[in-house]
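Number of protein chains: 2
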Amino acid sequence: MISNLESSIEGILKVFHNYSGKEGDKYKLSKAELKNLLEGEFGESMKSCKDPQVVEDIMNGLDEDKDGEISFQEFVVLVFGLTVSCNEFFQDMDAQGSKKAEQSK
Amino acid sequence: MISNLESSIEGILKVFHNYSGKEGDKYKLSKAELKNLLEGEFGESMKSCKDPQVVEDIMNGLDEDKDGEISFQEFVVLVFGLTVSCNEFFQDMDAQGSKKAEQSK
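The listed protein sequences correspond, in order, to chains A and B. Each residue of the first sequence is one higher than the one before, starting from 1 at the first, in full-length UniProt numbering. Each residue of the second sequence is one higher than the one before, starting from 1 at the first, in full-length UniProt numbering.
Next comes chain A alone, as it looks inside the complex (with noise of 0.2 Å):
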């Protein structure tokens, strides 16, 4: 049986390879599969986001090496900054909810 973490470390893998294998290179994602993947994955956040450039950004902001694809490594960035922003938010808001309980003592 594998942990949490493994399966955690599995689920990232299956994301991305889902949605590279779609057309071209199959390990790497596409304009459009990239698209895809922000929109199957962080549905409500990209609806919220008016702003047409943004797939445009987040892929000039991942490329690094300017191939006009995402490779897994250049992805897994994206991932742990938005892991480590939502640890931030969860630290945050537990550090607040503790010093309320302090306060109503």
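Hint data in this document are derived by calculation from the structure and do not stem from the laboratory. Mixed in with the good hints, there may be bad ones.
Copies of the same chain look alike in the list, so a pair counts if it works inside one copy or between any two.
Stated by the list, open to error - With a straight-line cut-off of 27 Å between C-alpha atoms, the simulated DSS-like cross-links for lysine-lysine are:
| id | residue 1 | residue 2 |
| --- | --- | --- |
| 1 | 35 | 105 |
| 2 | 22 | 47 |
| 3 | 14 | 26 |
| 4 | 99 | 47 |
| 5 | 50 | 35 |
| 6 | 99 | 14 |
| 7 | 99 | 28 |
| 8 | 47 | 35 |
| 9 | 31 | 66 |
| 10 | 105 | 26 |
Once you've looked at the hints, dock chain B against the given chain A.
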């Protein structure tokens, strides 16, 4: 409903905080908590590793600010490295499989 990628990100947060909350700074892993995490999440690999220094070495490798503890940001570097390695292994296997399929035509 959260997406597969959001679920993987959430999973990484849960694993970290499940182990970091036991002693000391609840937002950081002490050496003992890191040992528990490694044994709990990578039990098979840790069992087959005969090096008594392995936890010490991983701790030193991750502890960027040398405060004797592992923050979430330092921990994510480990997860990032493992994820990229797993993907390389997967892509190699996949490419070999495709080659064999070609040859057997």
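Hint-by-hint comparison with the structure:
| no. | hint | in the structure |
| --- | --- | --- |
| 1 | 35 - 105 | neither (49 Å within a copy, 35 Å between copies) |
| 2 | 22 - 47 | within (23 Å within a copy, 39 Å between copies) |
| 3 | 14 - 26 | within (13 Å within a copy, 31 Å between copies) |
| 4 | 99 - 47 | neither (34 Å within a copy, 41 Å between copies) |
| 5 | 50 - 35 | within (14 Å within a copy, 45 Å between copies) |
| 6 | 99 - 14 | between (39 Å within a copy, 21 Å between copies) |
| 7 | 99 - 28 | between (45 Å within a copy, 19 Å between copies) |
| 8 | 47 - 35 | within (12 Å within a copy, 42 Å between copies) |
| 9 | 31 - 66 | within (12 Å within a copy, 40 Å between copies) |
| 10 | 105 - 26 | between (57 Å within a copy, 21 Å between copies) |
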